[in-house]
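Number of protein chains: 2
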Amino acid sequence: MDVIALNEIQAAFSPESALQSIKEGFIAYSKQKVDVPPVGYLGFKEPPGDCHIKYGYINDSPYFVIKVATGFFKNHLVNLPTSNGLMLVMSSQTGQPLALLQDEGWLTDTRTAIAGALAAIQLAPQNIKQIGLIGCGIQARHQLRWLSYATPCKKVSVWSPSLHNSENFAEEMAEFGFQVIPSKNPEQTVSESQLIVTTTPSKQPIIKADWVQPGTHITAVGADAEGKQELEDSLVAAADILAVDSKDQCCDHGEIAHAFQAGLIDIDKIVELGVILDNSDLLKRSSTAVSICDLTGVAVQDIVIATTVYESIKGNL
Amino acid sequence: MDVIALNEIQAAFSPESALQSIKEGFIAYSKQKVDVPPVGYLGFKEPPGDCHIKYGYINDSPYFVIKVATGFFKNHLVNLPTSNGLMLVMSSQTGQPLALLQDEGWLTDTRTAIAGALAAIQLAPQNIKQIGLIGCGIQARHQLRWLSYATPCKKVSVWSPSLHNSENFAEEMAEFGFQVIPSKNPEQTVSESQLIVTTTPSKQPIIKADWVQPGTHITAVGADAEGKQELEDSLVAAADILAVDSKDQCCDHGEIAHAFQAGLIDIDKIVELGVILDNSDLLKRSSTAVSICDLTGVAVQDIVIATTVYESIKGNL
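From first to last, the protein sequence lines are chains A and B. Following the working numbering, the numbering of the first sequence begins with 181 at its first residue and continues without gaps. Following the working numbering, the numbering of the second sequence begins with 181 at its first residue and continues without gaps.
One or more of the hints may lead you astray.
Since the list gives no way to pick out one identical chain from another, each pair is judged satisfied if it fits inside one copy or across any two copies.
What the hints assert, rightly or not - List time: in silico DSS-like cross-link candidates among lysine-lysine, alpha-carbon distance up to 30 Å:
(1) 254 to 449
(2) 494 to 225
(3) 213 to 254
(4) 225 to 211
(5) 427 to 449
No wet-lab data here; the hints were simulated from the structure.
Please model the complete structure; the sequences and the hints are all you need to start from.
Here is the structure:
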């Protein structure tokens, strides 16, 4: 069994391979060519934290993958990051453990951002004059960098509840060539951007329907559990295109769950990202359309990113 | 994160500590002082195999544990053992991965045998003239050696479907001081033994009620999944003492599930091993009683054995 540290994973990491394999993973998922059982969950009260175990395999793959991801929300008090994690690559031929990827959550952050890039490649409008970010944490950093695969636009407006954090974000992202303007109100960020990514853990809607201009795409990443919400119900209900990573998950506990459960959207209107990725001609957006992609995170992303990294490192061992 | 190989685990392993901690684990389990979610499961068709993920923690413990166990039933064709596995010890304070125990299934085999020893210590009759074993695989080897903590008896009768395998078993166990007689029929093994351990994957009853003499204890280890059965229903129904590692599991898919689901036993008659271990005076067996302990394997055993091994190794790091 190979034990592979984060720096080795990052050194071997090919963004193009990861993008391609996660695209294929979404397609396999939507074709139901995967075996992905319900997510395992452990909760902790004091200090508050949780652990998710996502696992499964793509049919006919020589591997299966088990991902462990933890979030402990008081870790900053002991100078540790909130999130941690690892992935196990196992043989689906013999059950043998093949590799431990000690990615410390980096592969999860990365595969989440790759889904955002894939959504933007498929759904965002042609002319993006400004990218809008709601939230400026770790995931916003990953999302913005991966958006380079979807658009050459480097002009960014960012809003977060903390202007100080937004300013730090702007400074940091400048190193990657982005001109980021911290915004004092989310309405301005939203109304002036054509490609918006939301990455907050908000439990009440931030973006109002009125703010969103025709010809806008929004990727909603923050709402990945019951009770979280970043977009107003009426915005979700009125969207011309409604994409999701997983119909089951998104209708249960994603961004669109609120509007769906309130009976404001028809399930037939919702299209899985894997279906769109498999047939780019399926959806043609008009220049005035508003599109939303709700990403809750599916185990198939973990499975393919771990497998891709393992194969790339194995080739070099 | 420490990565600990099987030989290091075995070198640091203290049988007495493990016995004591698993005893405490069963007690905590029966007092519902544990958080142990349903077992995760993945099945594979070609080659046939499965993977079980058991995880959880004992309340107030600084650790939680995730165990991965695989069984691939054609592995002998590629000269690999059927079973494999590993355990992850994680911090319940920060979510950080602390150790990977590469035990290859050894800790699972061991914790299963320790449960057998604990059952025999509590439930077996005073005078054991002969130990009877039904099945002679890896788990039978572990069970027999651990029975030394329950009885000084070294005389053993073993029956398995293959006399050749029984003979190999007898030869191997002689090295540990056991006088093992391979038996040509299970009736003889059962009727002449006072402490019986069954470890076969049988799907139909092997031991008939008529064979079992008064004053016998049987620990049934083999039936750990739906459809498996080693003891006749009427034997289970007529037992004077009926112990289980987990009421929920045993009534659902353990040895006693068949008799229970047929309405032959009252749930109030079934006592959890953790309850008995917590109060040794609870059950007093008469000299003619027949007792049965059904072991399906509970995650708390994995949790405590991994934790105990990790703490012992950490002390030496």
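Against the structure, the hints:
Neither within a single protomer nor between protomers do residue 254 and residue 449 lie at most 30 Å apart by alpha-carbon distance, with minima of 40 Å and 46 Å respectively. Taking the shortest alpha-carbon separations for residue 494 and residue 225, only the inter-copy value of 26 Å comes in at or below 30 Å, while the best intra-copy value is 40 Å. In this assembly of identical chains, the alpha carbons of residue 213 and residue 254 lie at most 30 Å apart only when taken from different copies (24 Å versus 39 Å within one copy). For a Cα distance limit of 30 Å, the shortest separation of residue 225 from residue 211 across copies, 19 Å, qualifies, whereas the shortest one inside one copy, 38 Å, does not.
Proximity of residue 427 and residue 449 under a CA criterion of 30 Å is satisfied intra-copy only: 11 Å inside one chain copy versus 46 Å between copies.
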